[in-house]
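J.: Here is how the chains run, residue by residue.
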Amino acid sequence: MTIAASELMKTPLNAAHRALNAKMVDFGGWDMPVQYPAGIIAEHEAVRTKAGLFDVSHMGEIRVKGPGALALVEHLTPNAVSKLVIGQVHYTAFLYDNGTFVDDLLVYREGEQEFLLVVNAGNSDKDFAWVQKHAPAYDCTVVNESPVTGQIALQGPLSLSILQPLTQTPLDPIGYYFFTHGEVAGIKCLISRTGYTGEDGFELYCAADDTEAIWNAVMEAGKHQGLLPAGLGCRNTLRLECKMALYGHEIDDSIHALEAGLGWIVKLDKGDFIGREALVAAKATPAPRKLVGFKTLEKRDIARDHMPVVQDGKPIGFVTSAAPSPTCGINLGLAYVPAELAKMGGLIQIEIRGRAVNAEIIPTPFYKRKK
Amino acid sequence: MFPADLKYTKDHEWLKPAGDGTALVGITQYAQDALGDVVFVDLPEVGVSFAQGEEFGTVESVKTVSELNMPSAGEVLDVNATLADHPEAVNEDPYGKGWMVKIKLAGDLADLLDAKAYEALVHAESH
Chain A
9 MTIAASELMK TPLNAAHRAL NAKMVDFGGW DMPVQYPAGI IAEHEAVRTK AGLFDVSHMG
69 EIRVKGPGAL ALVEHLTPNA VSKLVIGQVH YTAFLYDNGT FVDDLLVYRE GEQEFLLVVN
129 AGNSDKDFAW VQKHAPAYDC TVVNESPVTG QIALQGPLSL SILQPLTQTP LDPIGYYFFT
189 HGEVAGIKCL ISRTGYTGED GFELYCAADD TEAIWNAVME AGKHQGLLPA GLGCRNTLRL
249 ECKMALYGHE IDDSIHALEA GLGWIVKLDK GDFIGREALV AAKATPAPRK LVGFKTLEKR
309 DIARDHMPVV QDGKPIGFVT SAAPSPTCGI NLGLAYVPAE LAKMGGLIQI EIRGRAVNAE
369 IIPTPFYKRK K
Chain B
74 MFPADLKYTK DHEWLKPAGD GTALVGITQY AQDALGDVVF VDLPEVGVSF AQGEEFGTVE
134 SVKTVSELNM PSAGEVLDVN ATLADHPEAV NEDPYGKGWM VKIKLAGDLA DLLDAKAYEA
194 LVHAESH
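Protein sequences, first through last, are from chains A and B. Take 9 as the starting number for the first sequence in my numbering and just add one per residue. Take 74 as the starting number for the second sequence in my numbering and just add one per residue.
Derived from the structure by calculation, the hints contain no laboratory data. Please read these numbers as outputs of a predicted model, since none were measured by experiment. Glycine included, each C-beta is placed from N, C-alpha and C at the ideal position. Misleading hints may appear alongside valid ones.
List time: in silico EDC-like cross-link candidates among lysine to aspartate or glutamate, alpha-carbon distance up to 20 Å [claimed, not checked]:
#1 A:K303 <-> B:D78
#2 A:K31 <-> B:E128
#3 A:K31 <-> B:D115
Derived DEER-like restraints, expressed as beta-carbon distance ranges [unchecked claim]:
#4 B:D158 <-> A:R363: 45 to 53 Å
#5 B:D84 <-> A:S169: 21 to 29 Å
#6 A:G37 <-> B:V138: 34 to 42 Å
For the chain A half of the interface with chain B, some residues (derived, Cβ under 7 Å), not all of them [what the hints assert, rightly or not]:
#7 A46
#8 G241
#9 I310
#10 H314
#11 M315
#12 P332
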């Protein structure tokens, strides 16, 4: 099915992207920039070495507030919400009873009993319905703030020096995965030291109507420091190099949190939560498959998302995400393989357009920034 | 965007007849723009013959891969070896330094598009 461009949802920055001559694509029903004229490689390198600015206004925001808010979010997610201090963020998930993913998300602790849940654009309606379904047992309100919220992500080593002149809020004291409220370019926003690129950076949440003003102010502030507008194309290669999961690829409703390598967000001792029983059982038996990182051995062998991993011509696993890596200069990917094959340095075979090619299992993340 | 001395396919390859029974083949400006940054071009061996429309290679960009289909039947006389180290030439100069193969023509060019017809096709696809 092809959705006409006019029917796609638009972020408050749609006109700004078009003015920058972005190449727009349908991303989960949203009309989003995949790249600007500089291209994916230049945008990727800008984020790794200087800075890039992303429109992530399509992400969903759900606010949970009230005396039962903490208990509800604890019930809905596997990470230890009570351990968050006010002003702290963590990565977590909504899981089904069987431990597979409804979605992955960030939880922001705005107050003792107030949380902002930031979810994937394509899952936003499903997630809101999921929270609403479980909320009646808890004394709290659940509000979908997605339509009235804009979000931009400034990412890269120069992020702090670009953003600081625009705000009175001291940025350096904000730790990684912490946030505060302040003004940027005179506009109220939530300033979060988070991101999906593996670099230092800030995600700014503001009123939808203010998004373009903040975007323009940051673009202007960074123009002499090498800042580029950055599209979803490099967002994908950047997150892949850091082995950050993407819903519909590394995680979905057929993969549980432990085989996805996300055991670190699952706190089995925190008390009950949806999916806990299944994950306790899963932990008791060795996982039959594992997510591994690989590189193909020949330059011409470029694996792509969803290609099969094969053995003697039969599918034994699948590639979740793969691409030529702009930073590493090799062809990388992530794949689910049978646990007995998930050995560092081991060889697996990936079927690329009917041809089985060799790939070596290598350590992940593929890229880690120098601190 | 649409050099008049080239012939085009609906799949966005171009063919440039040299007038001596040989021709150069590559992909169009529109095709390279749609692919984005090209990182690898897989080309055939010299001496191999292809039918019209047959796949003769692939072009890989950061985000996707596309088949290369022969605009006209022919035998490969030469391949652009510089693309091995400089695949970005396909983006920077698709009708010049980004050429892919030189073929000895073995078919006619009657059903290829001229620049005007190809421009109309691109216009229809991008609007």
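J.: Does each hint hold? Answer for all of them.
T.: Quick rundown of the hints versus the structure:
Taken as a hint, the K303 (chain A) and D78 (chain B) pair is broken in the structure, with Cα atoms around 42 Å apart against an allowance of 20 Å. Between K31 (chain A) and E128 (chain B) the CA atoms are separated by roughly 27 Å; this puts the pair beyond 20 Å, and the hint is violated. For the hint linking K31 (chain A) to D115 (chain B), the alpha-carbon distance of about 26 Å lies beyond 20 Å, and the restraint is violated. Between D158 (chain B) and R363 (chain A), the C-beta spacing of about 23 Å breaks the proposed range 45 to 53 Å.
For the pair D84 (chain B) and S169 (chain A), the supplied restraint of 21 to 29 Å is violated, since their beta-carbon distance comes to about 47 Å. For G37 (chain A) and V138 (chain B), the hinted distance range of 34 to 42 Å is not satisfied, since their beta carbons lie about 25 Å from each other. For the restraint placing A46 (chain A) at the interface with chain B, the shortest Cβ-Cβ distance is roughly 10 Å, beyond the 7 Å limit, so the hint is violated. At about 5 Å, the closest approach between the beta carbon of G241 (chain A) and any beta carbon in chain B falls short of 7 Å, and the interface hint on this residue holds.
The beta carbon of I310 (chain A) comes within 5 Å of a beta carbon in chain B, closer than 7 Å, and the hint placing it at the interface holds. Interface hint at H314 (chain A): violated, since its Cβ lies 13 Å from the closest Cβ of chain B, which is beyond the 7 Å cut-off. A cut of 7 Å between beta carbons decides the hint on M315 (chain A): the least distance to chain B is about 11 Å, and the hint is violated. With its C-beta approaching chain B no nearer than about 5 Å, P332 (chain A) sits inside the 7 Å limit, and its interface hint holds.
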